[in-house]
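Numbering (our numbering), first residue to last: 1 to 264.
There could be a bad hint or two in this list.
[Claimed, not checked] Below 30 Å or equal to it, Euclidean Cα-Cα: the simulated DSSO-like pairs (lysine-lysine) are:
hint	residue 1	residue 2
1	161	143
2	63	87
3	8	56
[Unchecked claim] What follows is a set of in silico ranges between Cβ atoms, one per label pair, in the way DEER data are often shown:
hint	residue 1	residue 2	range
4	161	64	30 to 40 Å
5	216	9	47 to 57 Å
6	9	52	35 to 45 Å
7	238	190	36 to 46 Å
8	131	33	17 to 27 Å
9	52	198	38 to 48 Å
10	87	232	34 to 44 Å
11	112	84	34 to 44 Å
It is worth saying that the hints were derived from the structure and are not from the lab.
Don't be surprised by glycine CBs; every beta carbon is placed ideally from N, CA and C.
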Amino acid sequence: MQETLERKQIKNIDFNCDLAQSFGVYKNCSEYQLLDYVSSVNISCGFHAGDPMSIKEALLRAKEKNVVVGAHIGFDDIQGFGYRPMKLSDDEIEALVVYQVGALMSFAKSYGLEIEHVRPHGAMYKMAAEDFGFACAVAKAIKKCSEWLIYYGASGDVTAKVGEYVNIPVAHEISLEKSYNVDGTVDFSANDIENTNVSIGRLKELLNNSQVMNNECGRTIVQADTIHFTNRIPNALELITQAREIVTPLPVNYKNACASGWVE
1 MQETLERKQI
11 KNIDFNCDLA
21 QSFGVYKNCS
31 EYQLLDYVSS
41 VNISCGFHAG
51 DPMSIKEALL
61 RAKEKNVVVG
71 AHIGFDDIQG
81 FGYRPMKLSD
91 DEIEALVVYQ
101 VGALMSFAKS
111 YGLEIEHVRP
121 HGAMYKMAAE
131 DFGFACAVAK
141 AIKKCSEWLI
151 YYGASGDVTA
161 KVGEYVNIPV
171 AHEISLEKSY
181 NVDGTVDFSA
191 NDIENTNVSI
201 GRLKELLNNS
211 QVMNNECGRT
221 IVQADTIHFT
231 NRIPNALELI
241 TQAREIVTPL
251 PVNYKNACAS
261 GWVE
């Protein structure tokens, strides 16, 4: 798949971040500092994080900022915050996904909002990036909720093939703090990059020629529809602030509308 990709300038790209990463007395006080700079948000659905009040606040804040809302799904693992992998059957995966997406869809609708995408979290995200069968099970469950939902996945062959096999719209996601293998997949074993200048340099290269520096000091062409900004790194606000000065993010569906000729 990587060999078929071509270098090109990326004109439209989405910025996304996670919200409602809290539960009960455990509050994430820094996540909303990124909200002013993104074009879409992923709201936890109560499994790896997110309780009713934090989800409600996230939805209302997203509505106030007029950003696209998506569901942030994960394993039912509050204590491990969804970072511990689970071995589940396809039926269990379907139930897990449909329950979370359906809950957020109904919650959002009560405030006049519609969710447009679904992004896996933590161990689920990693498994979906590496395991085609698992990713297909997740994508099929998402499609059961709505054929219009976009599946946000790590950029690479697995996400591309899932989109084709399940016939679901996908958004290839890049993270500026992550290291990448030669084939364009995320090197999940590497530490996050916390140097803003380095990450901004990577953003410019991504936008100019759709390439990322790989872990062998070469460059790999990748697909990129959205960039995930995490608040787990100390330079998170500095990074997204500078990134927003370079490019104004646009939601994935806007990009798709441009490609279809509906808007110019």
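Of all the hints numbered above, which does this structure not satisfy? Sort the numbers upward. 2, 3, 5, 7, 8 and 10
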